[in-house]
Amino acid sequence: MAAFRIARRIVLGGSRLGVNAELPCVVADGGGHGRRALCAQSPGHPEAGNRKPQFMDEDVQCILTRITGLDLEKIFKPVQQQLRPPTYKLMTNEQLEEAHRKAVEVAQTRLKMPPVLSEREPINDILVEDKILDGLETAKYVFTDITFDIPHKERFIVVREPNGVLRKATWEERDRMVQVYFPRDVRRIIPPPIFKNENLVVVFAQDRYEDILDLCLIQFEPNSADYIRVHHQTYEDIDKNGKYDLLRSTRHFGGLVWYLVNRRRIDGLLIDMIQRDLLEDAISVLHLYHMLHPDCQSSKEANQQQAKGLDLIKIFSHTDSQKGGYIELALQVYLETLNSSANQDPCRNEETN
Amino acid sequence: MVHLSSNLHKYYHRGFVCIRLALGGCTNRPFYRIVAAHNKRARDGKYLEQLGSYDPMPNIFNEKLVSFNFERIKYWLACGAHMTKPVEKLLGLSGFFPLHPMTVTGAERFHKKTVLMAQMESKEEAVETTEDEQPRS
Chain A
5 MAAFRIARRI VLGGSRLGVN AELPCVVADG GGHGRRALCA QSPGHPEAGN RKPQFMDEDV
65 QCILTRITGL DLEKIFKPVQ QQLRPPTYKL MTNEQLEEAH RKAVEVAQTR LKMPPVLSER
125 EPINDILVED KILDGLETAK YVFTDITFDI PHKERFIVVR EPNGVLRKAT WEERDRMVQV
185 YFPRDVRRII PPPIFKNENL VVVFAQDRYE DILDLCLIQF EPNSADYIRV HHQTYEDIDK
245 NGKYDLLRST RHFGGLVWYL VNRRRIDGLL IDMIQRDLLE DAISVLHLYH MLHPDCQSSK
305 EANQQQAKGL DLIKIFSHTD SQKGGYIELA LQVYLETLNS SANQDPCRNE ETN
Chain B
74 MVHLSSNLHK YYHRGFVCIR LALGGCTNRP FYRIVAAHNK RARDGKYLEQ LGSYDPMPNI
134 FNEKLVSFNF ERIKYWLACG AHMTKPVEKL LGLSGFFPLH PMTVTGAERF HKKTVLMAQM
194 ESKEEAVETT EDEQPRS
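Protein chains in written order, with the working numbering: chain A, 5 to 357; chain B, 74 to 210.
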């Protein structure tokens with residue numbers, strides 16, 4: 005059985021490793037579960053036992069999908085489209101349940117999280133230097149290979165500069181050329197000015213985080229510098245203003261949580277979750293935190309005491325958080341409302357009786 | 074209807090396939106398609122296959138965009154297609170072919186001309202300064 009699981013991890017990890025060129029060897033399930041690595045790692049590596057969990061790990065994705073939630077009303081919010089007269093359908097109860105189930109499936113595909121990748125290395129490759137051609141032309145020549153079958157990453161796109169140098173095109177030039185010759189719907193050739201820093205501020209003031217992140221997804225590649233910059237700025241602004249609920253039940257919530265957990269700034273998120281009575285989500289966030297940072301104080305204490313549920317949150321508020329006081333206050337309020345609602349119901353029953 | 078044109082064309086005398094630039098676009102705005110066509114066809118007429126494009130007007134990034142379908146170009150070259158000089162020069166600039174000899178010759182001529190012009194200008198300046206000095210003295 006363990007061999008099966010390890011074999012499955014290798015198959016999944018092989019595809020993942022093509023994207024993250026972090027470690028040259030395949031490792032078994034990461035996180036603080038204590039399973040041994042499959043092969044010896046370089047001696048200079050800090051975590052010799054387990055590999056750092058990546059965004060696409062199954063357990064990480066499981067936690068993130070659970071936290072994201074499934075608010076059908078928000079996912080199937082009316083989108084601006086051509087005006088059509090409304091359609092009415094007469095259904096039996098079973099048909100209604102069937103329709104509901106299908107809607108849930110469609111919603112789950114819509115909630116698939118976009119990948120979180122590290123920034124791509126800039127290309128600085130010179131192929132030929134022909135000093136004779138210096139000064140002959142005033143403009144650059146950009147040569148693109150439009151062979152249909154090759155993937156865009158392997159396409160030859162070279163630039164002949166006016167000084168005679170033949171070099172490989174930079175990532176921005178590559179994206180532009182690919183969009184010129186193999187246009188993708190809605191993507192613009194030149195990124196629209198909304199992605200400039202001063203215009204992003206305006207967008208954030210209007211609370212349109214979801215829209216800007218959708219636009220960013222369409223326009224940029226996931227490992228481009230602009231994509232990462234826009235996403236990070238959006239997450240920072242959400243964290244600063246505490247507007248986590250705007251992204252809940254969208255595909256971007258997982259990325260937001262991953263960003264915050266990696267930077268150890270989950271206090272605002274936890275407070276927001278406790279205030280909205282989402283305690284299981286808060287506990288899942290803490291599980292993720294302990295998976296990613298197994299050597300921090302709160303995870304060590306939690307392991308010692310084998311804490312579960314509310315105790316995890318209490319341990320975290322004592323040890324690692326910056327806003328420990330606020331978290332405890334929010335917990336107190338939550339417990340009081342829980343107790344008062346529990347007290348109210350038997351009182352009402354007595355009155356009616 | 075029976076189409077006989079391809080049968081009639083097959084063995085036309087002194088004909089071959091050519092990879093050349095077909096002009097399109099509007100007034101004062103040329104645009105070339107790199108095209109494999111029979112030699113005797115009109116410049117912008119029916120072609121066998123489009124293999125790319127060339128835009129001679131630079132865009133806002135000061136780039137002239139050229140595209141080549143290298144796989145199909147290799148096929149037509151293997152079939153024995155000829156190429157016109159502009160296409161050969163472009164392919165030489167792109168690195169697919171070595172630099173065309175006329176490109177190199179043109180570059181050398183250009184450099185000689187610039188050197189000559191510089192010398193002429195310096196001589197003119199020298200003449201002007203001597204003329205300026207003379208009426209004063």
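None of these hints come from the bench; they were simulated from the model. The reader is advised that the hints may include incorrect statements.
What the hints assert, rightly or not - Taking lysine-lysine and the DSS-like style, the derived pairs with C-alpha atoms no more than 25 angstroms apart in a straight line are:
#1 B:Lys147 to A:Lys135
#2 A:Lys157 to B:Lys158
#3 A:Lys172 to B:Lys137
#4 B:Lys119 to A:Lys135
#5 B:Lys113 to A:Lys135
To be verified - Estimated spans, in silico, between C-beta atoms of each pair:
#6 A:Leu131 to B:Asn101: 47 to 53 angstroms
#7 A:Val206 to B:Thr178: 53 to 59 angstroms
#8 B:Lys158 to A:Asp215: 49 to 55 angstroms
#9 B:Lys158 to A:Arg124: 27 to 33 angstroms
#10 B:Phe104 to A:Glu123: 53 to 59 angstroms
#11 B:Phe104 to A:Asn203: 32 to 38 angstroms
Note that the structure is a prediction, hence the values are computed from the model and not measured. Where a beta carbon is used, it is the ideal one built from N, C-alpha and C, also for glycine.
Okay, which hints does this one fail, numbers in order?
Checked against the structure, the hints that fail are numbers 1, 2, 4, 5, 6, 9 and 10, while the rest are satisfied.
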